[in-house]
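Residue numbers (the working numbering), protein chains in the order written: chain C, 41 to 199; chain H, 2 to 581.
Quick caveat, the hints were computed from the structure, so don't treat them as lab data.
In this text, a Cβ means the ideal position worked out from N, Cα and C, and glycines have one as well.
Heads up, a few of these hints could be off.
A few chain H positions that, by computed beta-carbon distances, are all more than 10 angstroms from chain C [as the list claims (entries may be wrong)]:
1. Val55
2. His160
3. Val165
4. Val167
5. Ile168
6. Glu172
7. Pro181
8. Asp211
9. Ile220
10. Asp396
11. Asp402
12. Asp454
13. Leu539
Pairs of lysine-lysine, BS3-like flavour, derived with a Cα cap of 27 angstroms [what the hints assert, rightly or not]:
14. H/Lys480 to C/Lys64
15. C/Lys116 to H/Lys559
16. C/Lys97 to H/Lys481
17. H/Lys100 to H/Lys185
18. H/Lys480 to C/Lys97
19. H/Lys575 to C/Lys97
20. C/Lys66 to H/Lys480
21. C/Lys50 to H/Lys341
22. H/Lys443 to C/Lys50
23. H/Lys485 to C/Lys97
24. C/Lys66 to H/Lys481
25. H/Lys530 to H/Lys448
26. H/Lys517 to H/Lys290
27. H/Lys579 to C/Lys97
28. H/Lys579 to H/Lys15
29. C/Lys64 to H/Lys487
30. H/Lys579 to C/Lys50
31. C/Lys64 to H/Lys15
32. H/Lys517 to C/Lys64
33. H/Lys448 to C/Lys116
34. H/Lys290 to H/Lys579
35. H/Lys576 to C/Lys97
36. C/Lys66 to H/Lys576
37. H/Lys290 to C/Lys62
38. C/Lys138 to C/Lys50
39. H/Lys100 to H/Lys215
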Amino acid sequence: MSRCKNCTNKLSFEKLEKVIEKYKDKEGALMPIMHEAQEIFGYLPIEVQNYIAEALKIPITDVYGVATFYSQFSLKPKGKYNISVCMGTACYVKGAQKILDRLKEELNVEVGETTEDGKFTITATRCLGACGLAPVIMVNDDVYGRLVEDDIPGIIKKY
Amino acid sequence: MDMVTITIDGKEVKVPSNYTVLEAARSVNIDIPTLCYLKGINEIGACRMCLVEVKGARSLQAACVYPVSDGLEVVTNSPAVREARKVNLELILSNHDRKCLTCVRNGNCELQKLAEQLNVQEIRFDGENIKRNIDNASPSIVRDANKCILCRRCVSVCHDVQGVGVISATERGFDTIIEPVFNKSLDEVPCVKCGQCIMACPVGALREKDDIDKVWDAINDPELHVVVQTAPAIRVSLGEEFGLPMGTRVTGKMVSALRKLGFDKVFDTDFAADLTIMEEGTELLDRLKNGGKLPLITSCSPGWIKYCEHFHPDMLENLSTCKSPHEMLGALVKSYYAEKEGIDPSKIVVVSIMPCTAKKFEAQRPELSATGYPDVDIVLTTRELARMIKEAGIDFNTLEDEDFDDTLGISTGAGVIFGATGGVMEAALRTVAELATGKELKNIEYKNVRGIDGVKETQVEMGDMKINAAVAHGLGNAKKLLDKVKSGEKEYHFIEIMGCPGGCVTGGGQPILSAKELMDIDPKVERAKAIYSEDESLTFRKSHENPQIKALYEEFLKEPNSHKAHQLLHTHYKKRIKYC
């Protein structure tokens with residue numbers, strides 16, 4: 041299969057090809073392939089979605105429809121550290137909005153965006169399942185709970 | 002088919018067991034409103050307009066997808082049904098832009114009709130009205146998501162009928178929108194511009210790019226000589242826009258209306274269809290004799306051509322190099338006709354009235370400008386012509402019949418049948434068979450290639466040659482046929498492909514029928530009947546017998562596929578990428 045000329049990341053596409061090979065003939069192959077593709081590339085740019093569509097012989101609109109339906113999939117590159125702010129009910133009533141606002145202010149980006157240096161991305165998520173620690177944020181796999189706004193600068197500094 | 006007995010509104014009805022409740026009700030003239038339903042194309046029960054009570058069911062059911070079964074009891078008109086339908090319609094209307102007065106579908110909109118039918122007098126809900134940009138970058142199709150009701154009829158046509166699949170539902174909730182991927186315009190994706198999405202749209206969310214003002218400007222400019230030509234399929238459909246029954250032939254009235262609009266000359270694309278047969282027929286015989294690339298595939302349909310360039314670039318050499326008929330005529334108007342009449346070709350504007358939105362894109366192809374000027378300057382659809390006629394205050398139905406102008410206006414029955422699927426093939430066979438054998442054909446009607454089966458085949462003996470021919474219409478059918486050719490399962494010498502199901506009579510620029518009308522009548526069949534009766538009514542029915550075609554070759558082109566013919570009437574194709 042031909043890769044588009046803009047796709048220079050040969051190694052990643054070789055990994056993607058193996059993933060597609062693994063799921064190709066199984067029912068419901070699209071979602072697991074998209075999950076693993078996002079792990080490989082960090083996000084799902086048009087080149088990757090086109091590659092998956094061609095390999096599965098489906099229109100790219102089918103891939104894109106799924107990618108935009110689920111908030112888990114991202115069309116834009118994410119920063120090195122993804123900061124997920126829990127907006128679930130418990131966190132929300134405990135002031136998650138204030139935490140989020142402070143994060144936006146400190147990093148100078150909106151939700152879903154990545155800082156210019158490519159370091160941080162802010163994501164607003166549904167319940168993370170740690171309601172006892174509300175309000176909660178996660179920086180990649182690290183969990184921070186029972187936060188107040190002023191904890192934010194210190195957390196950012198650690199990364 | 003097994004029959005079952007069901008009860009609808011207290012009335013016993015016997016219907017085939019594969020019917021839905023909607024079809025069963027329709028068969029006894031009980032009208033159940035629909036919106037997302039499009040027979041055979043989009044049957045998904047999404048809009049909830051067709052809700053009915055089914056005895057024993059937990060909740061109201063969508064009639065368009067509910068299968069009948071023996072003893073089923075259905076109520077289509079109860080307070081619960083009426084209230085549910087109305088609330089659902091109000092919810093759909095809650096985030097619709099409701100700019101009916103300035104909408105191209107004003108008076109021909111299924112949503113507007115439903116609001117009237119369900120007696121909606123107020124809309125109790127305020128939806129999240131997200132303002133969407135209008136996508137008008139394509140020369141053929143305009144997409145206005147502010148009017149979209151997310152019925153997905155266009156998506157089904159684009160994916161399942163045409164196999165193109167460039168639009169789909171993206172995002173979720175109020176953000177849901179039918180669009181191409183990555184916020185691209187329809188012009189940046191492999192849309193083939195066939196316009197079948199427009200034909201499927203119940204509202205004004207998809208429409209043709211309106212070029213009427215360009216035509217008025219040209220007509221109003223005294224410096225310009227404005228020539229118009231009409232495709233075969235216009236004469237059997239234009240009348241519908243003025244309330245005439247489907248299948249009414251209005252050739253004479255159409256010509257009369259065009260003169261009244263102010264065009265300087267009214268020519269017939271059918272003449273160029275005859276010319277196409279001369280050029281393409283000669284090309285076929287040449288490829289057969291000299292081992293050229295086979296099967297030869299017709300090139301009249303610009304939707305098919307663009308599809309081939311995007312999706313089957315390995316077949317480009319199989320395409321006939323003939324330009325589509327209206328482009329041929331345009332090139333002749335700016336050369337042969339201009340010389341003959343002593344008119345500067347830079348002052349000539351060629352307007353084509355086409356049943357097609359893809360022709361608007363085609364006319365802009367830079368390679369289609371044989372004289373240094375575009376062969377065709379402006380393309381209007383049947384619908385746009387009807388709007389011009391209305392705008393000019395012409396009472397179409399009382400017009401006297403008039404004839405096309407001479408020079409490029411005489412045509413044969415072979416030219417007319419280009420408008421229906423199988424027509425180009427039949428016209429070509431009428432001429433090729435006589436050219437190959439030198440004998441006059443006894444029977445000129447090739448009925449095997451007529452009709453609306455997706456793929457049709459025939460074998461024709463011409464002297465010691467046997468020609469295997471196939472016809473496909475609709476790009477989904479074209480793909481099926483091409484796959485068989487590529488795999489070697491089938492071998493043909495000559496293939497006709499039309500981008501739209503039914504061919505040009507049901508092209509993307511034709512009068513739009515509602516889903517309800519399409520339950521009872523098939524325009525592919527009815528308009529084709531009118532095409533074949535026009536063919537039977539004409540003196541000449543074979544392209545090579547057209548006296549003006551003979552004169553054109555004698556005076557100007559010399560012979561088919563001559564150097565001059567190649568310069569003016571033939572073209573080339575290029576591979577196009579899909580996304581990246």
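Practice task
Return the numbers of the hints above that this structure violates; sort them in rising order.
Solution key: Of the numbered hints, 2, 3, 4, 5, 6, 7, 15, 21, 22, 26, 28, 31, 32, 33, 34, 36, 37, 38 do not hold.
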